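Enquirer: Single-letter residue listing:
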Amino acid sequence: MLTHAHAEPKSPSRVVVIGAGFVGNSIARAVERRGVPVLALKRADLDLLADNAAESLAKRLRADDSVVFVSAQAPARNAAQLIQNLKMAEVVAKTLAAQSVAHLVYISSDAVYADDANPVTERSSVQPASMHGMMHAARELMLRTEAKVPLAILRPSLLYGAADPHNGYGPNRFRRLAAKGETITLFGEGEEMRDHVLIDDVAEIAAATLAHRSTGVLNIATGVSTSFRRIAEMIVARAGRPVEIKGTPRQNPITHRHFDIADTLKAFPAFHFTPLAKGLELAETGA
Amino acid sequence: MTTVGFAGLTHLGLVSAVGTASKGFNVVGYDADLERVSSVLAGKLPVVEPDLDALFAANALRQTWSDRVEDLGRCDIVYIATDVPTDDRGRSDLSGIAALIDRVIPALKPSALLVVLCQVPPGFTRKLPLDADRLYYQVETLVFGRAVERATQPERFIVGCADPAKPLPDVYAALLGAFGCPILPMRYESAELAKIAINCCLVASVSVANTLAELSEGVGADWHEIVPALRLDRRIGAYSYLVPGLGIAGGNLERDLATVLRLSEQTGSEASVIASFLANSRHRRDWALRALHREVLAVKPDATLGVLGLAYKENTHSTKNSPSLELISHLKHLPLRLYDPVVPASAAGHPRAVGAKDALDAARGVDALLLLTPWPEFRKLAPAELARAMAGRVVIDPYRLLDPAQARAAGLNHHSLGAGPSC
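In order, the protein sequences belong to chains F and L.
Under the working numbering, think of the first position of the first sequence as 1, with each following residue one higher.
Under the working numbering, think of the first position of the second sequence as 1001, with each following residue one higher.
Hints listed in this document are in silico derivations from the structure and should not be mistaken for laboratory results.
All values reported here derive from a predicted model rather than from experimental measurement.
It cannot be assumed that every hint is accurate.
[As the list claims (entries may be wrong)] Keeping only pairs whose Cα atoms sit at most 30 Å apart, straight-line, the calculated DSBU-like set for lysine-lysine is:
| # | chain 1 | residue 1 | chain 2 | residue 2 |
| --- | --- | --- | --- | --- |
| 1 | L | 1127 | L | 1166 |
| 2 | L | 1166 | F | 10 |
| 3 | F | 266 | L | 1332 |
| 4 | L | 1023 | L | 1109 |
| 5 | F | 42 | F | 59 |
| 6 | L | 1300 | F | 10 |
| 7 | F | 246 | F | 278 |
| 8 | L | 1320 | F | 266 |
Work the whole structure out from these sequences, hints included.
Expert: Given below as structure tokens:
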């Protein structure tokens, strides 16, 4: 649950985005649209794995900054990547322990929850089953215990959007395959249901969290889960050309994930998620 | 003639005192709050319960109301009958009842019995500074909205004693005997836990109903068709709590769950099912909020809403833990029209709410109507009239106060607990 320090939204003095990639850039744009100055730091601007990273970050921060920490080598698949990601968070935590800022928003992941947490809420047990989930859970704990600043942790579900560089199983890959007229191959028959959230919606919620200077934990999911097969069918229907959707022999048991998004409805009552059909259209047109 | 005292003129004390007077006993109701006592003396009862006003008036000659603790000195039995408040985590604040007992004990006549009637955790009664032969604990089974019935026709008395093998004192046995129901003496701790056990059983039934009602909504079943089949099963029972609700409403059930969790943690017993009851309750409590966003606000973000019912349940003025007020607190940006037969619209503390003069008036011009307290009068509303009054078509009616078929026939898009929109 999020608690708002500002009941009515108020512009932060400046927002610093650490990790101006796919997610970070979207958040930076959403904040800029609200007329707030943004310092978006790419890896070229600030390498959190460099020797002088903490010093370099400290120099760029002001006491009245609101910081969004999104930088990660994602997904973390092995022990080495896990350690690298934790080192990055260590730098941020250490810097913010020594130098206070107004607000910190950490972009985590729903991978911190147990696979069988259904429906997922902000009170579901943090029990990661993957290296990636463990990485985010550990980073959350590092920031919570070491960075002495008001902290909001946002845990998005699966993201999609035009600019997503990842080509993971789901809307992004299906869209690119369909555009080329290539076969969409499903795991099993694509029965698994997941909650896919448009990157623009994640950016809007992050911007609203900054404007309310909120603290606590909030999941970012639409509350509607859809099977991978259904998504493939929706994309093919939009493609306007014949694209084959092919099942494969199932290797793993079917798991589903649903979210109870009541906390989001309470935190941001006037916000509404983009329905999947509309979001797929936006992702396709790159709008 | 036996005189029975009641210390604390809260919901529990007042209803218990009037109920005891109705059995032919003289009663003395004491409360340190002069304003409260004056209000009772003037016949203006601070609680709303069916039949309470009539029973109060019919037994006026046997009732004494006082703000002087010394007046309890002529009682043969004195009940400690104050409500025990809880904090937002369901923990009891026992400081008020402890202070009341400290005040009452010196006022008792030497032979008088003291009976703790309020909800206290196991171990509380035994520690009280009074001779064990004069000290008892009695389980209260007050149900808001049915308090008079529960106070005058109890199913049984559960009495906590220092030594359950010893017979109850004559005066106490005669008082309880007047109600004509079984009396079950047991040790203090058993009686204190019995109260919690009753509530845990109720919560278990309600949680099963709420869990399967949600599943019904997803798989095309109608939970209301299933309930009568369960009631005819003797192992489940005709009176079991199977009607789905917006979680576990009211503070007393949550209090007992919190007590069980706390005691289980202390003693190392396994009680994860209790935590699951609470998680399910919290999830179901937001049913109307989710339905409202899904069916109305996702399409019309600036909708005007009508809300029928503010009290936490029917036939009570209590708004503590009211699902209706909880929902309204998350709709501060929207214009609302509110109506409750007893609770004024101002109780919602909503910046854009107006009070309507009746239910139909609350429906006038709204984009969606929510029926959030199952007051009997709302069941009489004609869906066709509501449809004419409303601008939109969505009715969120968790307790199914309107007949779904009639609502559909009136062109309304009707949503209730336990069934998908097609039922």
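Enquirer: Look at each hint and say if it fits the structure.
Expert: To see whether the hints hold, each was checked on the structure:
no. : hint            : verdict
1   : L:1127 - L:1166 : holds, 20 Å
2   : L:1166 - F:10   : violated, 70 Å
3   : F:266 - L:1332  : holds, 10 Å
4   : L:1023 - L:1109 : holds, 23 Å
5   : F:42 - F:59     : holds, 16 Å
6   : L:1300 - F:10   : holds, 25 Å
7   : F:246 - F:278   : holds, 24 Å
8   : L:1320 - F:266  : holds, 19 Å
When each numbered hint is compared with the structure, a violation occurs for hint 2 only.
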